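> This is what each chain is made of:
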Amino acid sequence: MSEMNTPVAAKLPSPEEVALIKKFLNDTTLFLGPDPEIMQNHDLMPRSEVEDECMRKVGDAHTIAKIRDRIQAGCDEGYEMVEQMGAAPGAKWGDVITGVYSASGDLAIASAGGVLIFSALVHHPIKFIIKNWVNDPTVGVNEGDGFIHNDSRYGNVHNTDQSMILPIFHKGKLVCWVASTVHEGENGAIEPGGMPSMAESPCDEGLKMCPFKVVENYQIKRDILTFLQNSVREPKLQYEDMKVKLFACLRIKQRIEETLNTDGPEALISTLRTTMENVRAEVKRRVSEWPDMTVRTYIIQDSTLRENCVVKINCKLTKTGDRLIFDFRGSSPEFTNRATNTIVAGLKGMLAQVFLCYVWPDLPRGQAAFAPIEVITDPHSIVNCSYDAPNSQSLMSIFTGFTAGQHAVAKFLYSCPEKYTKVHAPTFNMINTFIWGGVSQHGETLGNLCADLNGMGAGATVDRDGEHALAPIFATMADIGEQELNEEEVPFLQLVSKKMTRDAIAPGKYRGGQGYTMMVATKDSEQWGFMTVCQGAKFPPLQGLFGGYACGSYPLCKVQGVDVYDVLLNEPHKFKHSIEEIMNERPFEEATYTTHHMGMGFEISKRGELFMISQGAGAGYGDLLERDPAGVIRDIEEGLMSPGVAERLYKVKFDPDTLAVNHEATAAARDAERKARIARGVPYAEFIKGWNKPTPPTHLQYFGCWGDDVAKLYMGSPDKFRDANAPRPNYMPHPKDVRIAELESRLLAMGAMGGEKQ
Amino acid sequence: MKVLMTEYLRIDLDAEQWECRVCDHVIGSAGKSYKEGMLVHNRDPREIHPPIIDPEKYRFTFSPDPEWVRILEYYCPHCGTQVETEYAVPGHPPLHDMEPDLPALRAQWARREEVKEAVVGPAVTADKGHGH
Ligand SMILES: [Zn+2]
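Taken in order, these protein sequences are the chains called A and B.
If you use full-length UniProt numbering, the first sequence corresponds to residues 1 to 758, in order.
If you use full-length UniProt numbering, the second sequence corresponds to residues 1 to 132, in order.
Treat the hints as calculated values from the structure; they're not laboratory data.
Since the structure is predicted, the reported quantities are computational estimates derived from the model, not experimental observations.
Among the hints, erroneous ones may be present.
[What the hints assert, rightly or not] Covered by chain B, per the in silico footprint, the following chain A stretches (three or more residues, Cβ under 8 Å):
id, region
1, 129-138
2, 364-378
3, 704-712
[As the list claims (entries may be wrong)] With a Cα cut of at most 20 Å, we get these calculated EDC-like pairs of lysine to aspartate or glutamate:
id, chain 1, residue 1, chain 2, residue 2
4, A, K576, B, D54
5, B, K116, A, E289
6, A, K693, B, D97
[What the hints assert, rightly or not] Computed, partial: chain A to chain B, Cβ under 7 Å:
id, residue
7, M293
8, V295
9, K422
10, G622
11, A668
12, I678
In this text, a Cβ means the ideal position worked out from N, Cα and C, and glycines have one as well.
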C-alpha cells in the first residue's frame with residue numbers, strides 16, 4: 001500500500017487519521033496483485049527479535065555446522081524423492097529443488113543438486129503468504145497446510161514451475177518453511193509444454209496460481225485439485241507431482257522435527273539465520289578482493305521466438321569496495337505482445353546461479369549468496385517487465401542476462417589471487433531441445449519436453465577445453481535423459497541423438513564444449529507435434545573470452561514429404577546420420593528440405609518427417625593460434641571438426657592420412673598468420689572512423705540502447721525510440737501479417753492482385 | 001608493481017600503462033581502453049563459423065548472418081596476438097570493456113605480493129566415491 005502524497009498547503013491528517021486511512025485502504029484492497037515491495041527485493045529480511053534471541057542463545061559453530069548438515073541432508077533426501085518419484089520429465093532428470101526457508105521467508109539452505117534458481121526465488125511467494133494470508137481470517141496459515149504457486153509475477157521464473165510450500169510449526173509457533181519446486185511442463189497454456197512462445201498476453205500463459213492453500217491437514221483438497229487438473233492437458237501429472245512435492249516436503253519436515261527434538265527450536269532458528277548472515281558477510285568479503293573496475297558487455301537475442309530481430313541485453317558491472325552492481329539499463333524495452341520478457345526477480349535468480357555454480361560453488365546454496373549484490377534495470381524493460389507483459393519465455397532473457405553476467409565476472413576474476421573456481425568462458429545458454437505434445441500411442445494427452453535441454457556445451461576455462469553438452473547453466477547434477485525410456489511413453493523416436501555436430505565450433509586456445517545433433521520423427525500418433533524455443537540462428541548468444549570465439553549459430557532443419565520409417569525399412573542405406581549429409585545430399589527424392597530460426601511455434605508433424613537441431617557450443621578461451629596442435633588433431637579424430645576447417649582456422653599442418661603434425665610447418669604457418677594479422681589489422685582510432693555509426697542500422701529491427709547512451713531505447717528502427725524511464729507500448733505485428741503484406745506488395749508491383757477491392 | 005588483468009594483458013601500476021603479456025609491448029594508458037592501442041579487424045563471422053549446410057540452398061546454415069553480426073578481432077600491434085574478440089552489431093561502437101579504478105587498484109595491491117604467474121584456481125577432481 002503506498003503512502004499518501006498530500007499537498008503541502010492542505011491540512012495534514014493527524015497520525016490517527018493516517019492510521020485510519022491506511023487501515024481502510026488495507027481492509028478494502030480489491031485485488032492482492034504481486035507486491036512490488038516483495039518482488040523488487042532480493043536481500044535478506046531484517047533479523048527478527050526471535051532470531052536475535054536464538055542467535056544469542058545458540059552460537060556455537062560446531063552445533064550450527066552439525067544442524068546445517070542435517071538440514072542439508074534432509075533437503076537432499078527430499079530432492080532424491082522428487083527426482084525418483086516425479087512424473088514430469090524435468091523431475092526425472094533433476095530439474096527440481098527443495099529448500100528450507102526462515103520464518104520470514106528467506107531461503108536458508110537448498111538441496112545440493114537441482115535448479116537452484118527455483119528455490120532462490122520461492123522466497124517471494126512465501127513472503128506473499130506471510131504478508132497476506134497469515135492474518136487473513138478467511139485463509140490463515142496453520143499446521144498441516146500446504147500452499148501451491150506458479151505465477152511468475154508472484155515469484156519464480158515461468159509458469160511451468162510449480163512449487164509446494166509448507167509452514168513448519170513447533171509447539172504452535174511457526175519456525176520455518178519448506179518448499180519443493182519442479183519444472184512440471186504442462187500448465188494449460190496456449191501451446192502444450194508450459195512455455196508458450198505464442199503467448200501475446202499473460203492470459204495465453206495457462207494456469208496462473210498466485211500462492212494459495214491447496215493442502216489442509218496434510219491432505220490435498222480434492223475440489224481444488226480437480227479444478228487444477230481440469231485446467232491443464234495432463235491431469236495425471238498435475239496430481240502425481242503435487243503429491244510427490246508434498247511428500248518430499250513432509251520428509252524434510254520430519255528431518256527438521258528430529259532436529260527440533262534433539263536440539264530445540266532456538267538451535268534451528270539460529271542455524272538458519274547464522275548461515276545466511278555468514279554467507280552474506282563472506283560474499284561481501286570476497287567481492288572486496290576483486291579489483292575496483294567497471295566491465296561492459298552485451299549479448300544479443302536475435303529473435304522474439306516469433307520473428308528475427310536484434311534485442312540487446314546490456315550489462316555494465318561495477319565493483320567498488322565491497323559493493324557489486326549489475327546495471328542492465330539500456331537493455332531492450334519490454335515487448336507488449338511477445339513472451340521473451342522476464343520479471344526482474346527471474347534475472348536476479350539466474351545471476352545468483354553465476355555465483356553459486358561458477359564462481360563460489362563452495363558456499364552454502366541459498367538466497368544469501370546473492371543478497372548483497374545490487375541490480376539496476378529500466379522500468380518496463382525486457383529484464384524487468386510489467387504485470388501486463390507475457391513472460392512465458394522469460395528463459396530467453398534470464399539466460400542471455402546470465403551470460404552477460406558470466407562474461408563480465410570473468411574479467412574481474414582473472415587478476416584475483418584468491419579463486420574458488422577457474423576463470424570460465426561463457427557456457428552455451430539456450431535450451432536447444434524439442435518441446436512436444438499431443439496424443440500418445442497410449443491415447444493419453446501429453447505436453448512436455450526432451451530432457452536434452454539440460455545439455456549445454458560448457459565454456460572453456462583458463463587451462464582446459466569446455467566439456468561437451470555437459471550440464472545446463474541453471475542446474476547442477478542434472479541429466480540429459482534416456483530417450484529409450486521416454487519412447488515407451490511418447491510416440492516419436494530420436495533417430496539421431498548424442499552425436500556431436502561437426503564444425504559447429506567455438507575455437508580458442510581452449511575450445512568450447514560442443515553440442516550434439518537431435519533428429520526426431522513422429523511414429524505412432526496422428527496428433528503429435530513439436531516446438532523449439534531458442535534464439536541464436538543468426539547471431540550467436542555468447543561472447544568469447546580473452547581472444548576466444550563464441551559459438552556459431554544454430555538453425556532448425558525440416559525434411560517433409562517423406563516417411564523415414566519407410567526409408568529405414570525399405571532402403572536403409574539412404575538414411576544419413578548427420579544434418580550436414582541429409583540437408584546437402586538430399587537423399588530422399590520427393591522430400592522438401594527447409595531451414596528456419598529456432599522459434600518454431602507448436603507444429604503438428606506427420607509420421608516420419610524429420611525435425612533436426614543441434615545443441616550449442618560453449619565459448620572458447622584465448623587466441624586459437626596458441627592451441628596445442630595435439631588438441632586440434634584430437635578434435636578431428638573425435639569428429640568435432642573437419643580437417644579442412646581445422647587447418648584453415650588453427651593453422652596446423654598435418655598429414656591428411658595419418659594426422660601426424662608437422663610442427664615446424666605449423667609454427668611457420670602460425671607466425672605467418674600473426675604477421676598477416678598485423679598487416680590487415682587497422683589502428684583503433686582509424687578503425688572506428690569507418691566502423692562507428694550514430695544509430696542502429698536501418699536494415700535491422702533493433703531494440704535497446706545504442707553505444708553508451710543508455711537513456712534512449714530504440715524500438716525497432718532508428719526513428720522509433722523511448723526515453724528509458726518513460727515506458728511505451730512496444731507491439732510487434734503478427735509474422736504472418738508481415739509475410740502477407742510482403743507478398744501482396746510483390747503481387748501489386750506485378751499487377752497481379754486481380755483488381756481486388758480494398 | 002604489475003597486475004595480470006587478462007590472459008594477454010597486464011597493467012603496470014606505476015607507469016599506469018596496459019602491456020602485452022606475450023611480447024611486453026606497451027599498449028597505452030591504463031586510464032583508457034586497451035583497445036585504443038590495438039589493431040582491429042572486422043571479421044566476417046562465416047570465416048570462423050563455417051556453414052555446415054549449403055549456403056546456396058538454405059537461408060540458415062549454422063553460420064552467423066554477416067549482415068547482423070561481425071566479429072571485431074583485436075590484435076597486439078607488436079606480436080599479433082589476438083587479445084580479445086567482440087561479437088558486434090554492425091556499426092555499434094566497441095565497448096570500453098575493462099575500466100579499472102587505478103588508485104583503488106594501487107591501494108589494493110599495496111597490501112599484496114606481486115603475482116607473476118596467473119593463479120589458475122582449484123581443479124575439479126573426482127571424488128573417490130563409494131564402490132559396490
Ligand atoms: Zn604483444
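> Next step is simple, just say for each hint if it's right about the structure.
The hints, checked one at a time:
Counting residues of the region 129-138 of chain A whose CB lies closer than 8 Å to any CB of chain B gives 0, which falls below the minimum of 3, so the coverage claim is violated. Under a criterion of three residues with beta carbons nearer than 8 Å to beta carbons of chain B, the stated coverage of the region 364-378 of chain A fails, only 0 such residues being counted. Counting residues of the region 704-712 of chain A whose CB falls under 8 Å from any CB of chain B gives 3; the rule of at least 3 is met. Of the supplied pair hints, the one linking K576 (chain A) and D54 (chain B) holds, its CA atoms being roughly 16 Å apart against a limit of 20 Å.
Under the criterion of a C-alpha separation no larger than 20 Å, the hint pairing K116 (chain B) with E289 (chain A) is consistent with the structure, at around 18 Å. Annotation: proposed proximity of K693 (chain A) to D97 (chain B) holds, straight-line Cα distance about 19 Å (limit 20 Å). Interface hint status for M293 (chain A): upheld, as the beta-carbon distance to the closest one in chain B is roughly 4 Å, under 7 Å. For V295 (chain A), the suggested interface contact is upheld, since its CB lies about 6 Å from the closest CB of chain B, less than 7 Å.
With 7 Å as the threshold, the beta carbon of K422 (chain A) comes within range of chain B, its nearest partner Cβ sitting at about 4 Å, so the hint holds. For the restraint placing G622 (chain A) at the interface with chain B, the shortest Cβ-Cβ distance is roughly 5 Å, inside the 7 Å limit, so the hint holds. Among the interface hints, the one on A668 (chain A) is violated; its C-beta lies about 14 Å from the nearest C-beta in chain B, farther than the 7 Å criterion. Interface restraint check: I678 (chain A) against chain B, minimum CB-CB distance 5 Å, threshold 7 Å, status holds.
The structure fails to meet hints 1, 2 and 11 from the earlier list, while all remaining hints are met.
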